[in-house]
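Next come the chains, spelled out residue by residue.
Number of protein chains: 2
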Amino acid sequence: MEVFEAIKKRRSIRAFKNMDVPEETVEKLIEAARWAPSAGNIQPWEFIIIRNKEIKHRLAAAALNQTFIEDAPVVIVVCANELRSSYGYGTRGATLYCIQDTAAATQNILLTATALGLGACWVGAFNEEQVRKVLNIPNGIRPVAIIPIGHPAEKPAPRPRRPLNEIVHYETF
Amino acid sequence: MEVFEAIKKRRSIRAFKNMDVPEETVEKLIEAARWAPSAGNIQPWEFIIIRNKEIKHRLAAAALNQTFIEDAPVVIVVCANELRSSYGYGTRGATLYCIQDTAAATQNILLTATALGLGACWVGAFNEEQVRKVLNIPNGIRPVAIIPIGHPAEKPAPRPRRPLNEIVHYETF
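Each protein sequence line maps, in turn, to chains A and B.
The first sequence begins at 1 in my numbering and counts up one residue at a time.
The second sequence begins at 174 in my numbering and counts up one residue at a time.
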């Protein structure tokens, strides 16, 4: 699928068919993620791949009971390795670059999933401490996105967008 | 260009030909940016499009003298609208979601530029206060990325990537 088509076709999918996503497909998504750009090529990302039902259930609970998370055959939790970024770039690395770099990696996953006909959702609303406990995530590594992935069982319409003349500024703000 | 091909072909381009990038192309890049996902569809992004030589020069100075910025025919400065995200989601919105959402939009710009045969670079190293002054950016709006865009005058090799077995974790960290 063409880049721009995938960008426009991507939706947040919160309902999944009872169909597996094979491991090769997950590897393709991670491969896409790791080609994201990162400040100083530090690659401050870690990916936790979850298929275990009990863990998905506890993860959904940690994500304010967004139960569709546990309906997905596979869930990728993206973590920002704050340590790697702070070694390179101090506070700006730990609070900005590693968030941006992992977000670019997350967007690569979503676009690649779209191109493969899969559905996914970028879940950001969760209790970080709870997710940390469920997944044994050590200090210095921060969970930043939960991505349930499966075959879509819904076709949401595109959400509205702010008009260009509101978001575009010329030469100065 | 296919999504995955663009993801793999994208490079940080820091040398540009003396050739313009037409306004329709810039609009296409912004169009790609605004189809990025955002928490609660809040779309906390603002884009400043800069072609003025003097402003590009001052911007390069604010970006620790990365002079290649002023060699690009067009520069897009991506800003996070912290106010929009904090109305919706408080501190988590202002410090996490609006950074992630604008990073996803930035990645869309980079991938679309790659698909169009253009070169671009995600510049994160700059003095925010100086950039704010140069571009008259008000409080509550934060410059998060400077993207010089032009026709590439270099073909950098791919940078190395951390191996999969270092970045992938199964079930728990």
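What the hints contain is simulated information worked out from the structure, not anything from laboratory work.
By construction, the Cβ of each residue, glycine as well, lies at the ideal position given by its N, Cα and C atoms.
A few of these clues could be false.
[Claimed, not checked] Now the in silico label distances, taken between C-beta atoms and shown as ranges:
hint, chain 1, residue 1, chain 2, residue 2, range
1, B, N338, A, H57, 40 to 50 Å
2, A, N136, B, T240, 38 to 48 Å
3, A, E171, B, N338, 28 to 38 Å
4, A, K155, B, T264, 28 to 38 Å
5, B, P311, A, T67, 18 to 28 Å
Broken hints, numbered, in rising order? Violated hints: 1, 3, 5; rest satisfied.
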